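Trainee: First to last, the protein sequences are chains V and C.
For the first sequence, numbering that gives the first Met the number 0 gives the first residue as 0, with consecutive numbering after it.
For the second sequence, numbering that gives the first Met the number 0 gives the first residue as 0, with consecutive numbering after it.
Calculated from the structure, these hints are not laboratory results.
Just so we're clear, the structure is a prediction, and the values are computed from it rather than from any experiment.
Each hint should be verified, as a subset may be incorrect.
Here are the simulated DSBU-like pairs of lysine-lysine, each with C-alpha atoms no more than 30 Å apart in a straight line [what the hints assert, rightly or not]: (1) 642(V) x 90(C); (2) 173(V) x 90(C); (3) 598(V) x 148(C); (4) 241(V) x 279(V); (5) 211(V) x 90(C); (6) 118(V) x 408(V); (7) 261(V) x 442(V); (8) 598(V) x 90(C); (9) 330(V) x 747(V); (10) 90(C) x 717(V); (11) 241(V) x 67(C); (12) 208(V) x 90(C); (13) 241(V) x 10(C); (14) 148(C) x 642(V); (15) 355(V) x 747(V); (16) 642(V) x 115(C).
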Amino acid sequence: MGILNRIAGQTANAGDATTGALINVSRRNFLQTTGGLALGICFGPVACSTEKAAVPAADIAPFVPNAFLRIGADNSVTVIAKFLEMGQGTFTGLATLAAEELDADWAQVAVEAAPADAKKYTNALLGGQGTGGSTAMADSYLQMRTAGASARAMLVAAAAEQWKVPAGEITVAKGVIRHAASGKEASFGQFADAAAKQPVPAPETIKLKDPKDFTLIGTTATPRKDSQGKTDGSAMFTQDVKLPNMLVAVLAHAPKWGATIKSVDETAARAVAGVVDVVKVDGVPGTTRAAVAVLARNTWVAKQGRDALVIEWDESAAFAKSSNEISKEFKALAAKPGKVAATRGDASAGLKKPAKAIEAVYEFPYLSHAPMEPLNCVVDLKADSCTIWNGEQFHTIDQMVAAGVVGLKPEQVTIKQVYAGGSFGRRASSKSDFIVEATTLAKAARAKGIDAPIKMIWMREDDMRGGYYRPAFVHAIKAGLDAEGRITGWQSRLAGQSIAKGTPLEQYMIHDGIDHTSVEGISDTRYAFEHLQVELHSVDYPLPVLWWRSVGHTHSAYAMETMIDELAHAAGKDPIAFRRTLLEKQPRHLKVLELAAEKSGWGTPLPEIAGKKRGRGIAVHESFNTFVAEVAEVSIDASGQLKVDRVVCAVDCGLAINPDVIKAQMEGGIGFGLAAILKSEITFDKGAVVQGNFGDYPPLRINEMPAIEVHIVPSAEKPSGVGEPGTPVIGPAVANAVFAALGKRIRKLPFGDQLSA
Amino acid sequence: MTELSINGVNKTHDGDPAMPLLWFIRDEVGLTGTKFGCGVAQCGACTVHLDGNAVRACVTPVAAAAGKNVVTIENAITDKVGAAVQASWRKLDVVQCGYCQSGQMMSAVALLTRNKTPNDADIDAAMSGNVCRCATYVRIRAAIHDAAKALA
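Chain V extracted, bound-state conformation:
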C-alpha cells in the first residue's frame, strides 16, 4: 500500500470513519455522482457531459464497461479521468490510451473527471487517488488501455451475437464496428445497450495491441481534449463555479505564520453595502494562517469588506526571521558536517590532495508556485453532507481531511473536480491547507446560521504570501580533480527545510532522518563518481514548504550541473566530452546528451549579435524516470541584460504517448524554470513575506521566452512523466551559457542583476 492510502487509512482510523466506508461506493452511487455533473460542470468538447452523455437522448442507460469508460446510445465515448488536468495534457493522454484500444474515433471521445474514490481510482505510484510526481501516464498506461480493450471486446461480442457471425471476423476502426463478409457495420452507440448486457471479459483474456499497430498513441492524431473549452470561455475552473444562493468569501490573512487574532473591528466592513457577514477562521498551527473572512454575494463587495476590516494580530509566537538571517543560518550549517544522506567510496580521502580543488556555495531562494488561478475552493456544507468544488489534485487525503474538519464521514464528502488554473505542485497540498481553510470557514459560517455554499477566493496577495513554498536551500560543494582531469571526490553539504517534516507524509518520506527529496538528484546521481558524500541539515522552521515543479531537482540539478561544467573547464575538457566519460554506463543520459549536442550545433560558432556577448551551455538531468538534456544559447549586452535566445531540448520519456503534449511540456517546463532562475524569489522581512503580486514576483513574459526546439528520443521503454523533468535542466544550461559568454559563475539565485555588476 502506498503513501496516500496509508495516510488516508490513518486519518480514517483517527476519525470516526473507516477506509472501508470510503471505498464502499456502489456503481449506482458512482453513476449518480457523475450525473451530478448536470450542474453545469463539464470538460469535453464533444460529449460535454451536461449536454449529451449525462442525459442520454432516448432513456437508454449508457454502456459502462468499467470505471473508466461510458459509451452512450448517442455514440459518445466518455473517458473518466482519475487524474487532474492542470495543464499537462493528462486528460488527453488518458483518452489516447483508452481510445487506442477501443478503436474509437478521436472526435467521439470526451473526458470527464472521476469523483473521489480511492478504491476505483488509486494512483498505484502514489498509493492513493492523486496527481503528482509526473506519474499519470506511467500509472495509467496499461490500466486505461485495458479499459478500452475490455469495452471493445464487449461491443464486438454484442455485434457478433446480433449479426450471428464469429467475433473473430469483426473488426473495429475509428469508431465503426464492421463485418466485412456480410457488409454489416454499426457505430458504438448502436451496440451500447447490447454491449452492457455482455459479461465483462476476464482480465487474462484481454489482449492489448502490439505497439506497431498503434493508430493514436505516438501520433499527432490526438489534439488536446481541453482546447475547445479553454479557447471559447466555457472551461470550468473553481473560480467559475456558481451555485444558487452562493456567497463569496474574501479573507484577511495573518501577516505572519503563527500569528493569531487579537481583536477584530468589523464595523467598517459591515458598513460596506452588500456585506452579508464576517466570520473568524482560526488558523491550524503549521497548516493554515489565522484569518477573518468577509462574506458577500459578489467578490468585489467581499473584497471591499475585507479591506475595511481592522484587525489586531498577536505576533508574539509568529515566525519572525528575515531573509538575510535565514541565508546566514543556512550557510553556517552547510559549512559543517551534516547527517549523511549518501556515501560512495571515501570522499574525504578522494578530496585530500587533488591536483585541483574547487569549492563553491550555492544559494537557492524560497519560491512561490504562483499559478495563474489563485487558490480557491467552493464548499457546500449541509447537516449531513459536504460538497467541494476544487481543481482537485489529492482526492484521497483532501476528502479525509475535509471530513475531519466538518465532522462528517469521508463518504459524506463529495469532491467535484474541475480544471485547475495551474498548480505546479501547489494544489497537491501535503496538509490540505486551503481545503482545511475553506471547510473551517464553511463550518464556522454554518455555526453562525449561514446556510449557503461558500466560494473562498484568495486574492493574488493571499496566494503569494500563503506559504507552501519551494524551500530555500544552500549547497556547499567540494570537488577535486586529478592531474588527468578526473574527478577524485565530491562532497555536497545541504541545508534547507524538508517538505515532508511535520506533514502526514513524514513517516513515509523521511528515513533515518533524511528526506530524500531534499537531496535527490545528487545523492542518487548517475555520474560515475568513485567517491561521493552527501550530507544534509534539515532545518526546522514553522514555515510550510512543499514540492514545486520537479521538487528537489529544482536546486540539485542546478548545483550538480553547473559544478560539473566548472570541473570540465578546470580539467580543460569540453563539457559534453567530460560528461560522456562520467556517463559511460548510462545509455539514456548519453542519448539525450548527444541528441541535444547534435541538434544544437554544439562546437560550431554561434552567430554574432552586434554589441552582445554570446555563449552556449549544456546540462543533462534525470528526474521522474525521464531524461532531459538542454542546450541554451544566450546573449548579454554591455549593461548585463541577458536574453536566452534559443533552447534545444532532447527528452527520453520512454514510449511517447502524445508527442505534441511532450513537446508542450518541455516548452512550458523550460519557461517555468527560466522565470525561477532569472527573477523569482520570496523573501521575508521579520517573518512577513515581502512579495505580493506579479510586480515584485515577476513572471516570465513573452518577450523573454526563447525559441525552443524539442527532440524526442524514439523509445520502446515504459512511458514516464513529462510534467516536471523539463524544468530543472534549463537553469544550469543557462548558467553554463552565461559562463561561456562572460566567464562568470552565478551561484546565488535568482540571477537578478548579478550580470550587470
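Got chain V; can you put chain C on it based on the hints?
Mentor: Leaving out everything else, chain C in the frame of chain V:
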C-alpha cells in the same frame, strides 16, 4: 445607474460604480470566461475589449464602460479576427492550464485587428502584458502568426 453593452446585450448596474468591470462581468452578468489573476493589471487574464480596445477589466471601473460596448471571449467567435485566433489556438494546441488564455486571445485579437501582419517585435509589444505561468508563449507567438496568415 450605469448602462453598458456586454457582447451586444444591454446591461445595467446600480451598485458601486467603482466596481471593476471584471466582477460585473463575472459575478453579475455571469460570463466566466474572463478571469481574475492579479487584480492590478499585471497579468492580463481579465483582458476584454472596450469599444474595440483591449483593456484590463480588473482595473476598469464599471462606470468607465458606461454607454460602451464590451466584448468578452464568449463573443470573440462572432468576429472574423476572433474566430481566426480561436481556430489557430486550437490548431496549434496552445493551451495548457488554460486559465490565462481568454486574456491572451483577446489581446491577440486586438493586435491582429489593428496590425494584419505583426512581426515578433509587434507581438512582444502587444502581448507582454499577458502572463502565462505555463509559459505557452512559443505557441502563442506561432498561433498569432498562423491567424495572421489565415486572415490574409
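Trainee: Tell me if the straight-line CA distance from residue 173(V) to residue 90(C) falls inside 30 Å.
Mentor: Between residue 173(V) and residue 90(C) the Cα gap is close to 21 Å, so the pair holds against 30 Å.
Trainee: Going straight from one Cα to the other, do residue 90(C) and residue 717(V) come out at no more than 30 Å?
Mentor: holds, 29 Å
Trainee: Are the Cα positions of residue 598(V) and residue 90(C) separated by 30 Å at most?
Mentor: Answer holds: residue 598(V) to residue 90(C) is near 26 Å, not above 30 Å.
Trainee: Run the distance test for residue 241(V) versus residue 279(V): straight-line Cα separation, threshold 30 Å.
Mentor: Holds: residue 241(V) and residue 279(V) sit about 23 Å apart, inside 30 Å.
Trainee: For the pair supplied as a hint, residue 118(V) and residue 408(V), is the alpha-carbon distance within the 30 Å limit?
Mentor: Given pair residue 118(V), residue 408(V) holds - Cα atoms ~16 Å apart, limit 30 Å.
Trainee: Assess, step by step, whether the Cα of residue 355(V) is no farther than 30 Å from the Cα of residue 747(V), and give holds or violated.
Mentor: With a Cα-Cα distance of about 23 Å, the restraint between residue 355(V) and residue 747(V) holds, given a limit of 30 Å.
Trainee: Quickly compare the C-alpha distance for residue 598(V) and residue 148(C) to 30 Å and report which way the hint goes.
Mentor: holds, 28 Å
Trainee: Would you mind confirming whether the straight-line C-alpha gap from residue 148(C) to residue 642(V) stays at or under 30 Å?
Mentor: holds, 28 Å
Trainee: Taken at face value, is the distance from the CA of residue 90(C) to the CA of residue 208(V) at most 30 Å?
Mentor: This hinted pair holds, its Cα atoms lying about 29 Å apart.
Trainee: Starting from residue 642(V), check that the Cα of residue 90(C) is at most 30 Å away, please.
Mentor: Answer holds: residue 642(V) to residue 90(C) is near 29 Å, not above 30 Å.
Trainee: Sort out whether residue 442(V) lies within 30 Å of residue 261(V), counting only the CA atoms.
Mentor: The hint holds at about 21 Å.
Trainee: Mind checking the alpha carbons of residue 211(V) and residue 90(C) for me, to see if they're no more than 30 Å apart?
Mentor: Holds, because 27 Å separates the two Cα atoms, which is no more than 30 Å.
Comparing the model with each numbered hint stated earlier shows that all of them hold.
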